[in-house]
Amino acid sequence: MTSSQTAVTAHTRAPILPMLTRQTWAEFLKLWRVPAFSATSLLLPIVFYAFIGIGQASQILQGTHVTFGAYFLASMAVYSVANVMIFSFGISVANERGMKTDLLMRATPLPPIVYLLSKCITAIVFAALTLCVLFPFAYIAGGVRLDADQWFTLASRVLLGSIPFIALGFAIGYLSGPNSAVAVINLIYLPTAFASGLFFPKQLLPQIIQNISPYLPLYRFGQLGWDAIGAPTSESVTTDWLYLAGYGVAFFAIAIWAYRREEGRKFS
Amino acid sequence: MPAAELVEVTKRYGAVEALKGVSLRIELGEVVAMLGPNGAGKTTSISILLGLRKPSSGKAMLFGIDPNSLDARSRVGVMLQESGVPQMLRVSEIVDLFRSYYPKPLPREKAIVMAGLEEKANALVKELSGGQRQRLYFALAVCGNPDVLFLDEPTVGMDVEGRRSFIERIAEFAQMGKTVVLTTHYLEEADQLARRVIVIDRGVVIADAPPAEIKSKVAGKKVRFVAPDLHEKNLEGLPVTAVMIKDGRVQLLTNQPESVLRDLFQRGVEISDLEVSGADLEDAFIALTSH
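Those protein sequences? They're chains A and B, same order as listed. Going by our numbering, the first residue of the first sequence is number 1, and it counts up by one from there. Going by our numbering, the first residue of the second sequence is number 1, and it counts up by one from there.
Source of the hints: derived by calculation from the structure; they are not laboratory data. Backbone N, C-alpha and C fix where the C-beta goes; we use that ideal spot for every residue, glycine too. Check each hint, because a few of them may be wrong.
Label pairs and their in silico Cβ distance ranges [claimed, not checked]:
| hint | chain 1 | residue 1 | chain 2 | residue 2 | range |
| --- | --- | --- | --- | --- | --- |
| 1 | B | Asn122 | A | Ala36 | 16 to 26 angstroms |
| 2 | A | Pro206 | B | Gly157 | 52 to 62 angstroms |
| 3 | A | Ile256 | B | Lys126 | 51 to 61 angstroms |
| 4 | A | Leu61 | B | Ser69 | 56 to 66 angstroms |
| 5 | A | Leu61 | B | Lys54 | 43 to 53 angstroms |
| 6 | A | Phe51 | B | Ser69 | 52 to 62 angstroms |
Calculated cross-link-like contacts (lysine-lysine; reagent style DSSO-like; alpha-carbon spacing at most 30 angstroms) [what the hints assert, rightly or not]:
| hint | chain 1 | residue 1 | chain 2 | residue 2 |
| --- | --- | --- | --- | --- |
| 7 | B | Lys221 | A | Lys266 |
| 8 | A | Lys100 | B | Lys126 |
| 9 | B | Lys59 | A | Lys100 |
| 10 | B | Lys110 | B | Lys54 |
| 11 | B | Lys126 | B | Lys110 |
| 12 | B | Lys104 | A | Lys100 |
| 13 | B | Lys233 | B | Lys246 |
| 14 | B | Lys233 | A | Lys266 |
| 15 | B | Lys104 | B | Lys126 |
| 16 | B | Lys221 | B | Lys233 |
| 17 | B | Lys246 | B | Lys215 |
| 18 | A | Lys100 | A | Lys266 |
| 19 | B | Lys20 | B | Lys233 |
| 20 | B | Lys20 | A | Lys100 |
| 21 | B | Lys59 | B | Lys104 |
| 22 | A | Lys266 | B | Lys215 |
| 23 | B | Lys54 | A | Lys100 |
| 24 | B | Lys54 | A | Lys266 |
| 25 | B | Lys246 | B | Lys221 |
| 26 | B | Lys110 | A | Lys100 |
| 27 | B | Lys59 | B | Lys20 |
Okay, chain A solo, but in the shape it has when bound (with noise of 0.2 angstroms):
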């Protein structure tokens, strides 16, 4: 009928895989401008290593073979992985929730899978950054050493481990407001970390939180770490493995209803 109309070609869509290198870099770029973010996901791990773990390093565990700097490597190894999963996931989630930005990429042609693997990508790149900064940190100012297996153990240990934090830090994009999400996962993650043993040998805690922490998704993620360096935990790997595919499947339901409901609300 009109000119027009014989332009309009037969319905295609954009190759999936540059749309997916592309929002993943885009995704990337985003994180890395932000220093709150990025400085702190990859500076913090190695400041609280020099505070607590160098200056007695070289101290023999009871009990073990393990060095302290050894042990205290795996302990901050799980929680900066852990903590650029639910950081980067929540403040991004809530940003774009604040910023209005989920309507326009709503009407865009951009599945929402690729959205959501993009994120993920995204935040196992920032999370093995993490490591890299500070598995040298901890070799050359800690005096760390381990087996090649063991240095390989627990950096894939703490990447695998540390999906269920994705799912967490989406939940809390999703549940909290986007000027809350930062306060809400400070206080959420913070004191977690704190009574899941990361930063002190839970036998130094409060008996009531003792007998909270192996119920803690940071103490079984934390037993993952320590096991890796030859550190003795209290049950098997399968266990902890087993208690943190749980709280996965947890995480990842309340993250999937709390992403409904926002659906509900703004687009029905």
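Chain B: place on chain A using the hints.
Only chain B this time, still in chain A's reference frame:
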């Protein structure tokens, strides 16, 4: 196949009925302005056409298919009133990002030039002024080379000069043979751009015609005065398009204010506080809705 279609669409938000049975068909290649006062249902109509809102009843389609399908979205570009973009990306980066969502995007440079953002291509989004940000939204809407462009109040918050040049940019895109659907408060924008104007008021389409026809229905002048003794019958036969009388205050819309006033004087109507001014769009809606 129409580019966009609403069939008997109603939309309720709680107790508020935003749309009360709207049907419209927009063909490929048409440039259509949706005109109406705030809260008339323009944004709701666009949101439903884009699949961002679900109709309470009725049906919305883009290219004859579900507006939520990725196939439909791959052919549509949008500028929404209340959406944001990531602050920490550069203009060129975010344009490239949006280009990657579409199957046949425009070259990056072309999209940036069309939006007049050449100077700001390397600036972070958070460094842009309000008008520049509006142009960025335009760049993001056109960069996918969509068949249909939806613009919800694209010139809101711009000064006169900004509005004028922006309208030219939209016209330039439309000349590529594209379908453009825009909502606006401004009759003059609709007039400059569109060959068809759909007037929406209180959730109903009250007019759907070429701009000239709409304008002819809208009187050019507003005459206001105080006349405590005036009755409707005093106005019989006068060339007025709308009348409002309240507590002795009278407001008329007319294309011939001089002859209306002469006739009123001849009929012996006592008039004080006389005021004659150009009718604005609000008056146009009064005129359209009072018939």
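Results for each hint:
1. A hinted range of 16 to 26 angstroms for the beta carbons of asparagine 122(B) and alanine 36(A) is consistent with their spacing of about 23 angstroms.
2. Judged by the Cβ atoms, the range 52 to 62 angstroms given for proline 206(A) and glycine 157(B) holds: they are separated by roughly 57 angstroms.
3. The supplied range of 51 to 61 angstroms is broken by isoleucine 256(A) and lysine 126(B), whose beta-carbon atoms lie about 32 angstroms from each other.
4. Distance hint check: the CB atoms of leucine 61(A) and serine 69(B) are about 59 angstroms apart, consistent with the given range 56 to 66 angstroms.
5. At about 60 angstroms, the beta-carbon gap between leucine 61(A) and lysine 54(B) misses the expected band of 43 to 53 angstroms.
6. Take phenylalanine 51(A) and serine 69(B): their Cβ atoms lie about 55 angstroms apart, and the range 52 to 62 angstroms holds.
7. Distance restraint check for lysine 221(B) and lysine 266(A): the Cα-Cα separation of roughly 42 angstroms exceeds the 30 angstroms cut-off, and the hinted pair is therefore not satisfied.
8. Taking the CA atoms of lysine 100(A) and lysine 126(B), the gap is near 14 angstroms; set against the 30 angstroms cutoff, the hint holds.
9. Between lysine 59(B) and lysine 100(A), the direct Cα distance comes to roughly 26 angstroms. Compliance with the 30 angstroms bound is thereby established for this hinted pair.
10. For the given pair, lysine 110(B) sits about 34 angstroms from lysine 54(B) by alpha-carbon distance, which is inconsistent with the 30 angstroms threshold.
11. Only pairs whose Cα atoms come within 30 angstroms are accepted, and lysine 126(B) paired with lysine 110(B) is accepted, the gap being roughly 22 angstroms.
12. Only pairs whose Cα atoms come within 30 angstroms are accepted, and lysine 104(B) paired with lysine 100(A) is accepted, the gap being roughly 26 angstroms.
13. In summary, the hint linking lysine 233(B) to lysine 246(B) is supported, as the alpha carbons are separated by about 15 angstroms, within the 30 angstroms threshold.
14. The hinted pair formed by lysine 233(B) and lysine 266(A) fails the criterion: a straight-line CA distance of about 51 angstroms is larger than 30 angstroms.
15. For a cut-off of 30 angstroms, the pair hint linking lysine 104(B) to lysine 126(B) stands: about 28 angstroms separates their Cα positions.
16. Of the pairs offered as hints, the one joining lysine 221(B) and lysine 233(B) holds, with about 21 angstroms between alpha carbons and a cut-off of 30 angstroms not exceeded.
17. A threshold of 30 angstroms between alpha carbons decides the hint, and for lysine 246(B) with lysine 215(B) the separation of about 26 angstroms falls inside it, so the pair holds.
18. For a cut-off of 30 angstroms, the pair hint linking lysine 100(A) to lysine 266(A) stands: about 10 angstroms separates their Cα positions.
19. At most 30 angstroms may separate the alpha-carbon atoms for a hinted pair to count; lysine 20(B) and lysine 233(B) exceed this at roughly 34 angstroms.
20. Between lysine 20(B) and lysine 100(A) the CA atoms are separated by roughly 28 angstroms; this keeps the pair inside 30 angstroms, and the hint holds.
21. With a CA separation close to 28 angstroms, the supplied pair lysine 59(B) and lysine 104(B) stays within the 30 angstroms bound.
22. Distance restraint check for lysine 266(A) and lysine 215(B): the Cα-Cα separation of roughly 36 angstroms exceeds the 30 angstroms cut-off, and the hinted pair is therefore not satisfied.
23. About 19 angstroms separates the Cα atoms of lysine 54(B) and lysine 100(A), which keeps this hinted pair within 30 angstroms; it holds.
24. Annotation: proposed proximity of lysine 54(B) to lysine 266(A) holds, straight-line Cα distance about 10 angstroms (limit 30 angstroms).
25. Simply put, lysine 246(B) and lysine 221(B) have alpha-carbon atoms about 19 angstroms apart, close enough for the 30 angstroms limit, and the pair holds.
26. A C-alpha spacing of about 27 angstroms is found between lysine 110(B) and lysine 100(A), which places the hinted pair at or below 30 angstroms, so the restraint holds.
27. Simply put, lysine 59(B) and lysine 20(B) have alpha-carbon atoms about 13 angstroms apart, close enough for the 30 angstroms limit, and the pair holds.
The earlier numbered hints that this structure contradicts are 3, 5, 7, 10, 14, 19 and 22.
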